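Keeping the supplied structure of chain A fixed, place chain B upon it in accordance with the hints.
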Amino acid sequence: MAAQTGRTVKRWVTFIVDDSAGTLREIPVDSINGVGLEYPEADVTAFQDALKGVLPDTPECTIEIGGPFDNSVAAAVGTLSGSHTVLSGINGAGVPLSLDVRVGMRHAWESGEPQFGITSSATSGFLCMSYNVDMATAKYTAKFAMYPGSAAPAWGTAAET
Amino acid sequence: MATGRTVKRHARFYVDGHDLSGIARTFGPLRWEYDMPDLTTLTDEVAGSLPDHASVSVGALRTVLTNTASGIHAAVEAAGTPRIIMAPIGIRAAPLAGDPVFAGRFLQGAYKMVEDAGAIVMDVPFGEWDAAGFIDYDKPWGHLVHANGAETVANNGTASVDGLASSALGGYGILHVFDGDGTCTFSIQHSNTNTDGAFDAAGNVLAFDGTDATEPFAEIKALGKTATVNRYLRWQIVLGTATTVTFAIGFVRG
Chain A
1 MAAQTGRTVK RWVTFIVDDS AGTLREIPVD SINGVGLEYP EADVTAFQDA LKGVLPDTPE
61 CTIEIGGPFD NSVAAAVGTL SGSHTVLSGI NGAGVPLSLD VRVGMRHAWE SGEPQFGITS
121 SATSGFLCMS YNVDMATAKY TAKFAMYPGS AAPAWGTAAE T
Chain B
1001 MATGRTVKRH ARFYVDGHDL SGIARTFGPL RWEYDMPDLT TLTDEVAGSL PDHASVSVGA
1061 LRTVLTNTAS GIHAAVEAAG TPRIIMAPIG IRAAPLAGDP VFAGRFLQGA YKMVEDAGAI
1121 VMDVPFGEWD AAGFIDYDKP WGHLVHANGA ETVANNGTAS VDGLASSALG GYGILHVFDG
1181 DGTCTFSIQH SNTNTDGAFD AAGNVLAFDG TDATEPFAEI KALGKTATVN RYLRWQIVLG
1241 TATTVTFAIG FVRG
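Chains A and B, in that order, give the protein sequences. According to my numbering, the stretch in the first sequence is residues 1 to 161, in order. According to my numbering, the stretch in the second sequence is residues 1001 to 1254, in order.
One chain only, chain B, in its complex shape:
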């Protein structure tokens, strides 16, 4: 995992288990803002406020129109529908484990065809967090635990994310399953010691519910607000009938 600055071509955009990066032209802005009610009184030296409700949105996605099975037409043709979205930000390379991710469940406002200098493109604006899928967190930024890729065996490696310290503020995981040939369970494991054995001993911090990898799907799973999340994180799978699964996992620490 590199650190530092980057450019947009290293960002990716996943919607409900569909990787739309290959047809996306732009997306965003990735918005995270707080209402600022004025709490100034007569004797204050300067006007002041406190953060109230957060407003989080992934902004608008603009893509070329393609009606392939994995294209945008199949993924987001139905507007007015909530979508689980994850946008990993690669740092001067395709996204790797540990890279920043912006994620959430946002209401898709429209699916509109427009002409852009002769190209037929699609505008897909997303609004605020879907009110039918609230989780008790107001933070959209986390880290990539598993970059988009195929796995054929369980994980016996070390951490893919180092949180620098354990925390007792919970968090939530985001899973996008792009492809597979059967069933599989997906989870995030945690440990305070970065060894395979320590991860096995500590077990899952979070286990996703979805298991059918034969169709694209996505899931957000939240922990309790005071759940302990150890310093190190790694992805884990248990293959059922599947022999290969292609997926990405992100985690937002509370």
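Next up, chain A with everything else stripped away, as it sits in the complex:
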């Protein structure tokens, strides 16, 4: 089926991130927040200005995800890998990771449809900074931030690698 346009719902959103060996894995999620760049406003208003004015400073990107605790074996993208299997291996490791949030348009994502992320290099990518598990619900949360000096992640329509 060809790429589609229009609106969609969350069931077609996928979260993909490098595992500890640098292989992209899709893990189960039930929440994804912070997808996109956010520019803090620097207030540069002077007394003499007619109204308040701001300028955008260095953007930030911190992605927080949540989902079911899962220790399924790692699998190629297209099949879910275990959230614990992947996240327990990358949390706190200082190696930049590829990360890809794919938004399928009323079907499984296809090239040409929106995605947000970055393909990692030695100096660009995301880092996993926390991995917490709440056994009351058997769910995890995890946080990803950018490697220092990294290129900025961006919206696009082609898969990250």
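These aren't lab readings, by the way, just hints derived from the structure by calculation. The structure presented is a predicted model; accordingly, all values stated were derived computationally and were not measured. Careful, some of the hints might be misleading.
Straight-line distance between alpha carbons at most 25 Å, and here's what the computed DMTMM-like set of lysine to aspartate or glutamate pairs gives [what the hints assert, rightly or not]:
hint, chain 1, residue 1, chain 2, residue 2
1, B, K1225, A, D19
2, A, K139, B, D1123
3, A, K139, B, D1035
4, A, K139, B, D1138
5, A, K10, A, E60
6, A, K139, B, E1128
7, B, K1225, B, D1181
8, A, K139, B, E1033
9, B, K1008, A, E26
Just the calculated beta-carbon pair ranges, DEER-fashion [what the hints assert, rightly or not]:
hint, chain 1, residue 1, chain 2, residue 2, range
10, B, P1037, A, E38, 44 to 52 Å
11, B, T1226, A, G34, 52 to 60 Å
12, A, W155, B, I1120, 48 to 56 Å
Glycine is no exception: its CB is placed at the ideal position from the N, C-alpha and C atoms.
Frame of chain A; chain B shown alone:
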């Protein structure tokens, strides 16, 4: 060992050789977070940081109050004390060898009685890793090498944990001895070939120090940061005066 998702009723909670699962209502969250100092410079395209110190905690345990010999009152009445904790996570069944474990030595912050909709329950919060018992690892997740159960003979079986590959990053073992009728030595053996003979030839990767199984106890034993740990792991015991020992072992690979 199953894989996939699970629910809380298949998790267990061990404290200093006491299995408190039968009286525990909830525990957690199992926290593993890194400080994120900001390293952004003027010309960076986006703000960036690196992981600094890790913060690891088993969270808070809430149990019903029971003053039986194996109950919570006996296990954790004294707050302000470090505890060796292991939380195996069973996957849609009671924990089995190979299942994930969260483990460490955490400071027990309090032991407080509260009323919860008429039930008398105990809140037992745990803080960070006990500073008097540091080991050189910042990772709390590993695998169950021996599920809570009794053994009466040495192990001549095959692996209970498949690490998928050998590693040279060390690791640490966690032992909880719940019951026994004498002395026994406990160890973890490793091998790159999954046969009884290969395990016998390769020997121990880690041997625990504690041997008196007549009283509950727990121990964490760490390897050097560059120690080789072969792909396959199995538990091993050498019975001394004991004829039966009930224990659980976990291992966190570096």
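Against the structure, the hints come out as follows:
1. Between the alpha carbons of K1225/B and D19/A the distance comes to roughly 22 Å, so the proposed pair stays at or under 25 Å and holds.
2. For the suggested pair K139/A and D1123/B, the alpha carbons sit about 22 Å apart, so the restraint of at most 25 Å is met.
3. A distance of roughly 22 Å separates the Cα atoms of K139/A and D1035/B; the hinted pair therefore holds under the 25 Å criterion.
4. Between K139/A and D1138/B, the direct Cα distance comes to roughly 22 Å. Compliance with the 25 Å bound is thereby established for this hinted pair.
5. Between K10/A and E60/A the alpha-carbon distance is near 24 Å, which keeps this suggested pair within the 25 Å criterion.
6. With a CA separation close to 21 Å, the supplied pair K139/A and E1128/B stays within the 25 Å bound.
7. A C-alpha spacing of about 35 Å is found between K1225/B and D1181/B, which places the hinted pair above 25 Å, so the restraint is violated.
8. The hinted pair formed by K139/A and E1033/B meets the criterion: a straight-line CA distance of about 16 Å does not exceed 25 Å.
9. Proximity of K1008/B to E26/A is assessed by CA-CA distance (about 24 Å); at most 25 Å being required, the pair is judged to hold.
10. Remark: the range hint 44 to 52 Å for P1037/B to E38/A is contradicted by a beta-carbon distance near 19 Å.
11. Between T1226/B and G34/A the CB atoms are about 37 Å apart, so this pair departs from the stated range of 52 to 60 Å.
12. Restraint check, W155/A to I1120/B: a C-beta distance of roughly 55 Å satisfies the suggested window 48 to 56 Å.
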